[in-house]
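Enquirer: Chain residues, written in single-letter form:
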Amino acid sequence: MLMPVFGRKMDHLLVNVLGYERRVGRHQIYVLRLDGKQAARTLISHGVREIGDDLMALMAQQMGITLSQLKRLVAGEMSRDEYYRLLHERGK
Amino acid sequence: MRTSLTAETPPNVAKDAPMVIGREGGFGGGSLFETASALPMRQQNRLADEARQYSRALDRAIGRILAPSVGRTGDQFMAADEVIPLYGVGATPEEAMIDYRSVVVEYYEGLEEDVDELGQALQGQLALLRQVFAQVDQG
Numbered sequence: 001m002l003m004p005v006f007g008r009k010m011d012h013l014l015v016n017v018l019g020y021e022r023r024v025g026r027h028q029i030y031v032l033r034l035d036g037k038q039a040a041r042t043l044i045s046h047g048v049r050e051i052g053d054d055l056m057a058l059m060a061q062q063m064g065i066t067l068s069q070l071k072r073l074v075a076g077e078m079s080r081d082e083y084y085r086l087l088h089e090r091g092k
Numbered sequence: 093m094r095t096s097l098t099a100e101t102p103p104n105v106a107k108d109a110p111m112v113i114g115r116e117g118g119f120g121g122g123s124l125f126e127t128a129s130a131l132p133m134r135q136q137n138r139l140a141d142e143a144r145q146y147s148r149a150l151d152r153a154i155g156r157i158l159a160p161s162v163g164r165t166g167d168q169f170m171a172a173d174e175v176i177p178l179y180g181v182g183a184t185p186e187e188a189m190i191d192y193r194s195v196v197v198e199y200y201e202g203l204e205e206d207v208d209e210l211g212q213a214l215q216g217q218l219a220l221l222r223q224v225f226a227q228v229d230q231g
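Residue numbers (my numbering), protein chains in the order written: chain P, 1 to 92; chain B, 93 to 231.
These are computed hints drawn from the structure, not numbers from a lab.
Computed from a predicted model, the values in this text were never measured in an experiment.
Think of the CB as a built atom: it goes at the ideal place given N, C-alpha and C, for glycine as much as any other residue.
It is possible that part of the hints are untrue.
One side only, chain P facing chain B, incomplete, derived with CB under 8 Å [to be verified]: (1) E50; (2) D54; (3) Q62.
Here are the computed lysine to any residue pairs in the SDA-like style, where the Cα-Cα straight-line distance is at most 20 Å [to be verified]: (4) K37/P <-> E209/B; (5) K37/P <-> A219/B; (6) K71/P <-> P177/B; (7) K37/P <-> G166/B; (8) K37/P <-> L218/B; (9) K37/P <-> G216/B; (10) K37/P <-> R85/P; (11) K37/P <-> L18/P; (12) K37/P <-> P185/B; (13) K37/P <-> D81/P; (14) K71/P <-> K37/P; (15) K37/P <-> G91/P; (16) K37/P <-> D206/B; (17) K37/P <-> D208/B; (18) K37/P <-> V15/P; (19) K71/P <-> G166/B; (20) K37/P <-> E50/P; (21) K9/P <-> E201/B; (22) K9/P <-> G216/B; (23) K71/P <-> L13/P; (24) K37/P <-> G52/P.
Build the full structure now, drawing on both the sequences and the hints.
Expert: Quick look at the structure:
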């Protein structure tokens with residue numbers, strides 16, 4: 001089982017690895033643009049201390065992938081290109 | 093001789109401060125709290141009542157359309173819907189719902205700002221959230 005992921009690690013994955021744009025308001029909202037269109041959005045709520053499986057499953061859904069695929073991204077077992085290909089396959 | 097209010101900087105305001113007395117009929121910026129707390133008490137109470145009414149209407153619309161539920165996540169509570177999905181967290185179920193409501197508002201406003209560049213999935217989310225806020229506006 002994967003240990004809980006902290007917000008900072010998820011932020012790094014989203015921004016530095018996957019190319020999401022971070023928008024900081026009360027919450028942190030992340031926007032991914034592909035081919036000139038916004039393909040996905042996800043967020044880390046203001047109140048989040050750590051990201052367990054249930055919360056990560058929601059984020060995965062927002063990102064257009066499954067929980068196991070997001071865990072592979074977190075573990076560095078899936079590349080950005082693979083992620084983008086998955087989104088394209090799903091019509092994002 | 094009387095001096096125009098706009099001609100002098102008040103003694104407690106720096107000359108380069110953004111506040112300009114009299115411009116646009118007000119006394120410059122400041123947070124919503126600062127602005128409200130400087131009003132007569134009756135006005136403050138009326139604004140607070142309106143804010144509470146709006147929040148209740150928003151909660152009802154959210155409940156009808158997004159139907160969030162609250163559960164535990166680690167040592168916190170999480171309110172989440174299965175429609176978009178959005179979530180909020182807090183130390184109590186009530187705090188989680190308040191956080192969730194603020195997420196719904198911020199997420200919706202962000203989508204509206206970017207309406208012209210949303211992909212299909214995000215357009216669908218925006219359509220759903222517009223229903224929520226349309227219900228609030230209808231009372």
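Enquirer: So, for every hint listed, does it hold in this structure?
Expert: We went through each hint and held it up to the structure:
no. : hint             : result
1   : E50              : holds (6 Å)
2   : D54              : holds (5 Å)
3   : Q62              : holds (7 Å)
4   : K37/P <-> E209/B : holds (5 Å)
5   : K37/P <-> A219/B : holds (17 Å)
6   : K71/P <-> P177/B : holds (18 Å)
7   : K37/P <-> G166/B : violated (35 Å)
8   : K37/P <-> L218/B : holds (15 Å)
9   : K37/P <-> G216/B : holds (14 Å)
10  : K37/P <-> R85/P  : holds (15 Å)
11  : K37/P <-> L18/P  : holds (15 Å)
12  : K37/P <-> P185/B : violated (36 Å)
13  : K37/P <-> D81/P  : holds (17 Å)
14  : K71/P <-> K37/P  : violated (25 Å)
15  : K37/P <-> G91/P  : holds (12 Å)
16  : K37/P <-> D206/B : holds (10 Å)
17  : K37/P <-> D208/B : holds (9 Å)
18  : K37/P <-> V15/P  : holds (17 Å)
19  : K71/P <-> G166/B : holds (18 Å)
20  : K37/P <-> E50/P  : violated (30 Å)
21  : K9/P <-> E201/B  : violated (26 Å)
22  : K9/P <-> G216/B  : violated (29 Å)
23  : K71/P <-> L13/P  : holds (11 Å)
24  : K37/P <-> G52/P  : violated (30 Å)
Hints 7, 12, 14, 20, 21, 22, 24 from the earlier list are contradicted by this structure; the remaining hints agree with it.
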